[in-house]
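Protein chains in written order, with my numbering: chain A, 259 to 937; chain B, 245 to 437; chain C, 15 to 163; chain D, 33 to 331.
Simulated from the structure, these hints should not be mistaken for laboratory data. Backbone N, C-alpha and C define an ideal beta-carbon position, used for all residues, glycine too. Among these hints, one or two may not hold up.
Claimed, not checked - Ranges of calculated distance between the beta carbons of each label pair, as one might list FRET restraints:
#1 B:Glu410 x D:Lys178: 49 to 57 Å
#2 A:Glu597 x B:Phe289: 37 to 45 Å
#3 D:Gly204 x A:His804: 39 to 47 Å
#4 C:Glu146 x A:Glu597: 53 to 61 Å
#5 B:Ser304 x D:Leu70: 42 to 50 Å
#6 A:Ala643 x D:Gly204: 49 to 57 Å
#7 B:Phe289 x A:Glu730: 25 to 33 Å
#8 B:Pro409 x D:Val170: 56 to 64 Å
Claimed, not checked - A short list of chain A residues far from chain B (calculated; beta carbon distances all over 12 Å):
#9 Arg505
#10 Asn741
#11 Met764
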Amino acid sequence: MAEAVSPTTSKKPETPRIGVFICHCGTNIAGSIDIDAVKEYAKTLPNVAYVDDYKYQCSMPGQVNIREQIDANKLTGVVVAACTPRLHEPTFRAASKDGGLNPFRFEMANIREQNSWVHMHDREGATEKAKDAVRIAVAKAALLEDLYPKSVPVERAAMVVGAGVAGMQAALDLANAGIKTYLIEKEPSIGGRMSQLDKTFPTLDCSQCILTPKMVDVGRAENIVLMVNSEVEDVEGYIGNFDVTIRRKATGVLSPEEAEAKGIVGGGCTGCGDCGPVCPVTKPNEFEMNMAPRKAIYIYHPQVVPLLYTIDWDSCVKCGLCVEACGEKKAIDLEMQDELVQVKVGTVILATGYEVFPIENKEEWGYKRYDNVITSLEFERLICASGPTGGHLVRPSDGETPMRIGFVLCAGSRDNTGIGKPYCSRFCCMYSLKHAHQIIEKIPGAVPYIFYMDIRSFGKMYEEFYYRIQDEGAKFIRGRVSNIQEDPVTKNVTVYVEDTLLGRPMEIELDMVVLAAAVQPTELTNKTRKLFGVSCSQDGWLLEAHPKLNPCGTTTAGVFLAGACQGPKDIPDSVAQAEGAASAASIPIHKGEVELEPYYAMCIEEKCAGCGMCVNLCPYQALSLVEKDGRTVMQVTEAKCKGCGTCGGFCPGGAIWMNHFATPQIVAQIDAFLLGGEQ
Amino acid sequence: MATKNYPDPILNEKLRDRYYHRDQSNPEFTKEIEKIAGTMAHMCFQCGTCTAGCPSAPRSSYRIREFMRRAVLGLEDEALTDPDLWFCTTCYSCTDRCPRDLAPTDVIMAMRNLAARRDIVPVNFLKTVQAIYSSGHGVPNNDVNRAAREKLGMTRDPPTTSMYPEYIKGIQKILDHYGLKERADRIIKEREG
Amino acid sequence: MAENPEGWKPKILGLVCNWCSYAGADLAGGARMQYPPDIRIVRVMCTGRLDPLFIMKAFTDGADAVLVSGCHFGDCHYLEGNYKAAKRMFLVKSLLKNIGLDDRRLRMTFVSASEGAKWAKVVEDVVNVTHELGPSPFNRKYGELKELV
Amino acid sequence: MTEMREYAFFLGCIAPNRYPGAESASIITSRRLGIELLPLNGASCCPAPGAFGSIDLNIWYAMAARNLVLAEQMERDIALICNGCYKSIYEVNHKLKHNDELRDGVNEVLKEIDMEFKGSIDVWHLAELLYDENIVGVEKIRESVKVPLTGTKIAVHYGCHLMKPKKERHMGSTEAPRWIEELVEALGAEAVEYRNKMQCCGAGGGVRGYDLPHSLDITNEKLQNMIEVGADAVTEVCPFCQLQFDRGQIEIEEKFGIKYDMPVFHYNELLGLAQGMSPSELGLDLHAISTEPFLKKVL
């Protein structure tokens, strides 16, 4: 094994003096590990100059002690055996720094998450493992070196992907904080799911009424660069300096600005709508859940932002009638092509939202087989005054007003069959209560039947809302619907359910059934998250950095989460998280610079044969070959290097030094484990 | 459960203790069921989907959800002595629809197996056993049918154990291995004399 | 396992990446998922960092098994480090065969930050397999070739 | 005629011993479609999954395994025409193939009669073979029709154990399947949809024997749903369902005083009719409910 010497240390490394601090974490660790045994053992280890233990090492006294002992014992390195470095490494690095030590002289031994908590009934085994963990950490600490984080300037701009209520709120907050914000939306208009809703629970204020002002603000905001019909195509760089490529899909329509840029004075789309009527092609309007028509050149609805028409190329026949109708404004360009736009931002917020899962896969409920079985989103459009029926709820089969309407909760949620979703979709209970209220209010004599397993009304004023709806006359039946049968003649739908509280099966003929279908991440979420290196949980929702303490962050520095893309959320929660994410995303930008962990690669030139194998291995093009006093050697562009070490793992000559994960350090850990302890 | 020893047996029954007491639960019962049925019966969350689609529920007091509950709580006696246990037509609708991906039908079959170990089993089931023991068929051939087969140009007996009775020995060996025939005879005799 | 020597406990080295598998292992802890304690973890930023020599060193040092665990393909925090690691592990496996070591002693798995249960399962599997295989011939105390090393 | 595919024909009980027409129709119609159904000598009851499964699943496994071994010795896959048999023979074959502990247990018992389950064959319901394009397929059936059943409305009863539990079968939707309807429409008839199509006939699980009125009440509900949409006949692929619908109507009349006269056909009997077999060749006169009104419509 090639024994590399760091290119940074010219002087011989001093004899290490390591301090070991063992944490009880109350009984979290001490409960299943014999602390004294570990302590006594640590004293016997080479290079260990001081050993101590404490109930809560992360507490102030614990940190102060570390600080004082560094000085008192002339420590060259510090090992804390406690929880996971992913939780408290920053804490103890700070403590080491306060003690006058370079923070990167600190090493952590994880004896909680990966020991005491997973070996609770094997005290002996856990204690042995803890001893080894300390030994391994000490071995590394003895070889750690001073490192100095590189601080890089942060681009004074942010990006928000997805312009639903969460994305809009985040963008507005950032913009109001004086940060230029690119707001990327794949649809032709901002507003997202919320703009499809009629009323909102539990306050019952009209969704459009409270949302459209926000949409207008977004459209007007100085600091917001709005890009609709756009998708993230590629991402490079790191916190402070993300280079993002956006695909702006050809809409076939020029905004006034774009027209101006093309020298068409006073031209561009004004949203006058002259083009629509002349278009010969009719298609279903996705915004109306395909229950209303639109033309091949269209807007979703009158309140869209930006108020620009869009051409649906899949159905456009390029007859040119719209071009004529548009006339002097010359807003329509049937030859328009997608364009790729490059932007540089310091931080990014993902707010890609949710969609309804294909509920027709739960065949027992007959969605798409039975006319009068619809989803909640379809219900929202049918009950909405601006919807396809002007807010008059009708059954799809015959346009009649339904009087007995069933609401099937947990339709595909809390489902372990592999067809539905194992999780609770979180807002179905509440909007179904709202739907019940809406029909009682709008249709005199109409009776809602709510088939539920549990009513989860956990939010502020939610339980009170439940109380109100029950009082208004909604029928609550505690049972999950097993199947639905359609009467071939009347098209009425009969629901089969057990009233589990009565212990009695029920056969209830209804005019219409609304499925509160489970939700899932939007189609593009997976592609987008991979571009930003964000992980997801098994069910596809984006993974937060810490479920409790960092719910907006991700494991990619500078990338944050807002709204339902992180898990099903109602409007208040989405907006709240959006504001959290916006504040988190603005911090590095306001600081103006971020410190990057100095884990970059370095070339040990006397060992480098200049073979260049590593150059192609680097996913970030951070390596290159250069001539240096007559020899070809590799050179690292530190700003580009993210410290993955793929080059170091390959270099045949061991000529690459990975800061903080150097070959001698890792080998020392391996040896310490296998050769160090009693054999 | 606390027993009341009032002198009047009618009152005693009328005022029978309806409390659930922990000692009525037998955790082994739940385990036994899961072993036989190969489904995580203890994961039932009582949504009622099973009963709602059950063809027997609307025409009897049979509630498969309640049997699932008994499986969860280990209410062995209550489950095995309930005559409703034998109303399941094994149509598997509940199994196909259970959101917890359990197999209530197989839980019922497991309970029936456990009941049968206590000789709790309807006579008609045992008569099928007797028929198969003697003829190899649960629904044996008869002369009317033999004539009919002949008329159709078929052999009077199908090429099963009816045509090759020498195979019946093997069947009897299998059933005797489990002593099922004797048990069937004994139980039927007890019930019908 | 009866044939395994008295007092032998498997020495298993776990080389895991910081972003997925180490986080997954932490998650298993948070959820108190119990698994055998026979593994010792060395954390690297990415499995791409792993020099085949590290694994060979571990085996010559007498490790009974080595577990390498990274992100799922397509989820690598550094885009493609795990692909490169996986390729190298194939190489190492063939090396192990050549020196007469059962290549089941080296296992590469992919455990995401949300797969605590999977991590516990993986460790359990590796421990079981190691028990099946018994001490490595190079095991400092129990291996039949210990004099060699 | 393409090359003949040979299967061991597992008869079960009710087809050969109550509806022999269904047995002979299956053999004759299949032969015309390239399937040779060979006698499986010495086969017995499958055994009845309801009765035996309820008493002791282990005995059910062992008894079914004996039938499977007979076919293994013939080196032929099994084809059968009864859903109850399908549950026993298909499911036990599947379980024993994939569960070593179970197989060893069963082979312990089979040793006593010098048999061993090897797991060398597969089990098919004749209906799925007829529907499979690679074996027969709807087209080939349509071509084989000489007397189209035009103008008749037929209600399809799938029965339960053919397709459920979904996860242990391989036949797709158990809520709204259409494939047997396709087989029926290939004969020129109209397959009508009716309420609760997938509901059980009521006979299974030993309930027919345990509580006849209870099981008939289920049958009665299904018959009403079929009448509601004007069905001229019921077709099924399970002689036990056939018995429940056919004899069941007599019992329903006795017990509930309701008379239906709804003809009941095993699909292969219908196929036989369409292929030009005479009612007497099909033994339709053995049905409890007269098939005459239906025959008048087509012949």
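* Asked: How does the Cβ-Cβ distance of A:Ala643 and D:Gly204 compare with 49 to 57 Å: does it lie in that range?
  -> The hinted range 49 to 57 Å is violated for A:Ala643 and D:Gly204, with Cβ atoms some 42 Å apart.
* Asked: Taking the closest pair, is the beta carbon of A:Met764 still more than 12 Å from chain B?
  -> Not fine: 8 Å to the nearest Cβ puts A:Met764 too close to chain B.
* Asked: That 53 to 61 Å hint for C:Glu146 and A:Glu597 (C-beta), does it hold up?
  -> 60 Å, holds
* To do: Compute the least Cβ-Cβ separation between A:Asn741 and chain B, then decide whether it is above 12 Å.
  => The claim breaks: A:Asn741 does not keep its Cβ more than 12 Å from every Cβ of chain B (closest is about 5 Å).
* Regarding the assertion that A:Arg505 does not contact chain B, is the least Cβ-Cβ distance greater than 12 Å? -> Per Cβ check, A:Arg505 is outside 12 Å of chain B; nearest 40 Å; holds.
* May I ask you to test the hint 25 to 33 Å on the CB atoms belonging to B:Phe289 and A:Glu730? => 28 Å, holds
* Asked: Between D:Gly204 and A:His804, does the C-beta distance stay in 39 to 47 Å?
  -> 44 Å, holds
* Outcome of range test on Cβ distance (B:Ser304, D:Leu70; 42 to 50 Å) -> Roughly 44 Å apart at Cβ, these two residues keep to the hinted range, so it holds.
* Asked: Lying within 56 to 64 Å: is that true of the beta-carbon distance B:Pro409 to D:Val170?
  -> 41 Å, violated
* Range agreement (Cβ of D:Lys178 with Cβ of B:Glu410, hint 49 to 57 Å) -> 42 Å, violated
* Hint check for B:Phe289 and A:Glu597 - Cβ pair distance inside 37 to 45 Å -> Violated, at about 52 Å.
In summary, the structure is inconsistent with hints 1, 2, 6, 8, 10 and 11 from the numbered list given earlier, while agreeing with the others.
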